[in-house]
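Chemist: Using full-length UniProt numbering, read the sequence shown as starting at 1 and increasing by one per residue.
Calculated directly from the structure, the hints in this document are not laboratory data.
Check each hint, because a few of them may be wrong.
[Stated by the list, open to error] Calculated lysine-lysine pairs in the DSSO-like style (CA-CA distance at most 30 Å, straight line): (1) K61 / K178; (2) K61 / K158; (3) K46 / K62; (4) K114 / K76; (5) K158 / K137; (6) K61 / K46; (7) K76 / K25; (8) K49 / K61; (9) K49 / K137; (10) K178 / K139; (11) K49 / K139; (12) K158 / K173; (13) K173 / K61; (14) K62 / K173; (15) K62 / K178; (16) K173 / K25; (17) K114 / K177; (18) K158 / K139; (19) K177 / K139; (20) K137 / K173; (21) K137 / K178; (22) K139 / K46; (23) K76 / K139; (24) K114 / K139; (25) K61 / K137; (26) K76 / K177; (27) K158 / K177; (28) K177 / K137; (29) K49 / K177; (30) K114 / K62; (31) K25 / K137; (32) K49 / K178; (33) K114 / K25; (34) K61 / K76; (35) K25 / K62; (36) K62 / K76; (37) K178 / K158; (38) K49 / K62; (39) K158 / K62.
This one's a predicted model, so the numbers in the text were calculated from it and none came from an experiment.
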Amino acid sequence: MIFQNIDLQNILQSLIVWLSSHGIKIILILIAAYFVNRVLRVFIEKAIKRAITDKLDGAGKKRAETLIGVFGGTLKFIIWAVALLTILPEFGINIAPILAGVGLMGLAVGMASKDIISDFISGLFILLENQYQIGDKVKIAGVEGVIEEITLRRTILKDSEGVLHYIPNSQIKGVAKKLKKT
Numbered sequence: 001m002i003f004q005n006i007d008l009q010n011i012l013q014s015l016i017v018w019l020s021s022h023g024i025k026i027i028l029i030l031i032a033a034y035f036v037n038r039v040l041r042v043f044i045e046k047a048i049k050r051a052i053t054d055k056l057d058g059a060g061k062k063r064a065e066t067l068i069g070v071f072g073g074t075l076k077f078i079i080w081a082v083a084l085l086t087i088l089p090e091f092g093i094n095i096a097p098i099l100a101g102v103g104l105m106g107l108a109v110g111m112a113s114k115d116i117i118s119d120f121i122s123g124l125f126i127l128l129e130n131q132y133q134i135g136d137k138v139k140i141a142g143v144e145g146v147i148e149e150i151t152l153r154r155t156i157l158k159d160s161e162g163v164l165h166y167i168p169n170s171q172i173k174g175v176a177k178k179l180k181k182t
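Using the sequences and the accompanying hints, generate a full structural model.
Modeler: So this is what it looks like as structure tokens:
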């Protein structure tokens with residue numbers, strides 16, 4: 001039999017010794033990452049809702065949810081990535097080559113997706129600054145119409161003939177907004 005020469009008691013004892021030193025650190029890192037993520041998520045939600053001074057109904061609520069999702073998701077990714085990089089040495093894994101590889105990969109992805117990143121950043125500022133909302137009459141990139149949808153990547157505008165124009169947010173250099181009469 002294959003398992004005949006395996007000293008199960010020795011393996012179990014080695015596992016207990018390893019868990020008593022490294023396992024506790026790993027569990028503490030995971031617990032800390034979980035709580036930091038939860039606390040910062042609540043902080044982000046409160047900060048964004050406080051920053052958006054208009055009523056949190058309709059477009060304002062949708063805007064707040066979008067911003068909370070973007071910032072919360074980004075923060076969650078960063079926290080868990082740091083936790084993973086902190087845990088890996090406990091398994092005897094050298095993280096220096098991993099960090100170098102991730103850095104190079106990040107550089108390559110960043111250069112390849114420059115336009116997409118630019119769209120997202122522009123979209124984030126459009127939402128943060130509340131430049132326009134769904135239903136507003138505007139002129140963007142030479143197109144006049146009504147805002148149909150705003151995402152982090154693009155703005156959809158419907159002109160007077162009913163044609164939808166998909167405008168990447170990074171191409172929006174200026175907006176002419178027709179104010180509603182009060």
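Chemist: Hint check: K76 vs K139, CA-CA at most 30 Å. Holds or violated?
Modeler: 37 Å, violated
Chemist: For a C-alpha distance cap of 30 Å, please report whether K158 and K173 respect it.
Modeler: The given pair, whose Cα atoms are some 18 Å apart, holds under the 30 Å limit.
Chemist: Taking only the CA atoms, is the gap from K49 to K62 under or equal to 30 Å?
Modeler: Holds: K49 and K62 sit about 11 Å apart, inside 30 Å.
Chemist: Mind checking the alpha carbons of K137 and K178 for me, to see if they're no more than 30 Å apart?
Modeler: Distance of about 5 Å is within 30 Å: holds.
Chemist: Under the criterion that the straight-line Cα-Cα distance not exceed 30 Å, is the pair K177, K139 satisfied?
Modeler: With a Cα-Cα distance of about 7 Å, the restraint between K177 and K139 holds, given a limit of 30 Å.
Chemist: Holds or violated: K25 and K137, Cα atoms, limit 30 Å.
Modeler: The given pair, whose Cα atoms are some 57 Å apart, is violated under the 30 Å limit.
Chemist: Hinted pair, alpha-carbon criterion (30 Å max): K61, K178. Please report holds or violated.
Modeler: Given pair K61, K178 holds - Cα atoms ~22 Å apart, limit 30 Å.
Chemist: Going straight from one Cα to the other, do K61 and K76 come out at no more than 30 Å?
Modeler: 22 Å, holds
Chemist: With a cut-off of 30 Å on the C-alpha distance, tell me whether K114 and K139 pass.
Modeler: Holds, because 26 Å separates the two Cα atoms, which is no more than 30 Å.
Chemist: Would you mind confirming whether the straight-line C-alpha gap from K177 to K137 stays at or under 30 Å?
Modeler: Holds: K177 and K137 sit about 6 Å apart, inside 30 Å.
Chemist: Given the hinted pair K114 and K177, is their Cα-Cα distance within 30 Å?
Modeler: 28 Å, holds
Chemist: Within 30 Å, alpha carbon to alpha carbon, are K178 and K158?
Modeler: 15 Å, holds
In summary, the numbered hints that this structure violates are 16, 22, 23, 26, 31, 33, 35.
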